[in-house]
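Chemist: This note's numbering applies: residue -2 is where the sequence shown begins, and numbers increase by one.
For the record, the hints were derived by calculation from the structure and aren't laboratory data.
Here the structure is a predicted model, which means the values were calculated and not measured.
Mixed in with the good hints there might be a few duds.
[To be verified] Distance windows between CB atoms, simulated: (1) E67 to E41: 12 to 22 Å; (2) R54 to L12: 51 to 61 Å; (3) L12 to D87: 25 to 35 Å; (4) E40 to L19: 41 to 51 Å; (5) T106 to R31: 16 to 26 Å; (6) Q37 to H66: 16 to 26 Å; (7) S81 to D35: 15 to 25 Å; (8) D87 to K32: 39 to 49 Å; (9) L19 to R88: 39 to 49 Å; (10) D35 to H84: 22 to 32 Å; (11) T57 to N80: 14 to 24 Å; (12) F89 to K32: 22 to 32 Å; (13) T57 to L12: 15 to 25 Å.
[Stated by the list, open to error] List of simulated lysine to aspartate or glutamate pairs, DMTMM-like, C-alpha gap at most 25 Å: (14) K33 to D102; (15) K33 to D99; (16) K33 to E44; (17) K24 to E67.
Positions of the beta carbon are idealized from the N, C-alpha and C atoms, including for glycine.
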Amino acid sequence: MNRDRGRIKWTSMMLPEHVKLLRDWAKEDSFEQRKKIDEQHLEELNEVTAEAMEFGRMVTITHYAGRRHELLIGRIHYFDGLNSKLHVVDRFERTTYLYIHDIVDIRFTEEY
-2 MNRDRGRIKW TSMMLPEHVK LLRDWAKEDS FEQRKKIDEQ HLEELNEVTA EAMEFGRMVT
58 ITHYAGRRHE LLIGRIHYFD GLNSKLHVVD RFERTTYLYI HDIVDIRFTE EY
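Work the whole structure out from these sequences, hints included.
Modeler: If you want it as structure tokens, here you go:
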């Protein structure tokens, strides 16, 4: 039976700089690209945001942070127009500040 260990068997013959470059290259493969948002989707996000702020409804916000898309569940407390930030309070009463250009999607969430 052939037990090929792939890249592991070659690292002893490689320079440390090359090993680091290979690790960085493998890490970059997991990065996600920022999604483009069209005007129609922006209008939907605006409507959902306005309704969530007015009635205090829970929302799930998908935002781009650290080269990945992350989810945040909470209530939109305030919109800072000067800095283009949303102030979101989660169920543990922690406040998170999200830049508008990092937000990909906002959806209503059922409360439990």
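Chemist: Hint by hint, note whether the structure agrees.
Modeler: We went through each hint and held it up to the structure:
1. E67 to E41: 12 to 22 Å: holds, 20 Å
2. R54 to L12: 51 to 61 Å: Given range 51 to 61 Å: holds, Cβ gap about 56 Å.
3. L12 to D87: 25 to 35 Å: violated, 46 Å
4. E40 to L19: 41 to 51 Å: holds, 45 Å
5. T106 to R31: 16 to 26 Å: Once the Cβ atoms are compared, 23 Å apart, the range 16 to 26 Å for R31 and T106 holds.
6. Q37 to H66: 16 to 26 Å: holds, 20 Å
7. S81 to D35: 15 to 25 Å: holds, 19 Å
8. D87 to K32: 39 to 49 Å: violated, 23 Å
9. L19 to R88: 39 to 49 Å: At roughly 42 Å between Cβ atoms, R88 and L19 fall inside 39 to 49 Å, so the hint holds.
10. D35 to H84: 22 to 32 Å: This hint holds: roughly 26 Å between Cβ atoms.
11. T57 to N80: 14 to 24 Å: holds, 23 Å
12. F89 to K32: 22 to 32 Å: holds, 28 Å
13. T57 to L12: 15 to 25 Å: violated, 46 Å
14. K33 to D102: holds, 11 Å
15. K33 to D99: holds, 11 Å
16. K33 to E44: Status holds; Cα separation ~19 Å.
17. K24 to E67: Since the Cα atoms of K24 and E67 sit roughly 18 Å apart, the hinted pair holds (cutoff 25 Å).
Checked against the numbered hints given earlier, the structure breaks hints 3, 8 and 13 and satisfies all the rest.
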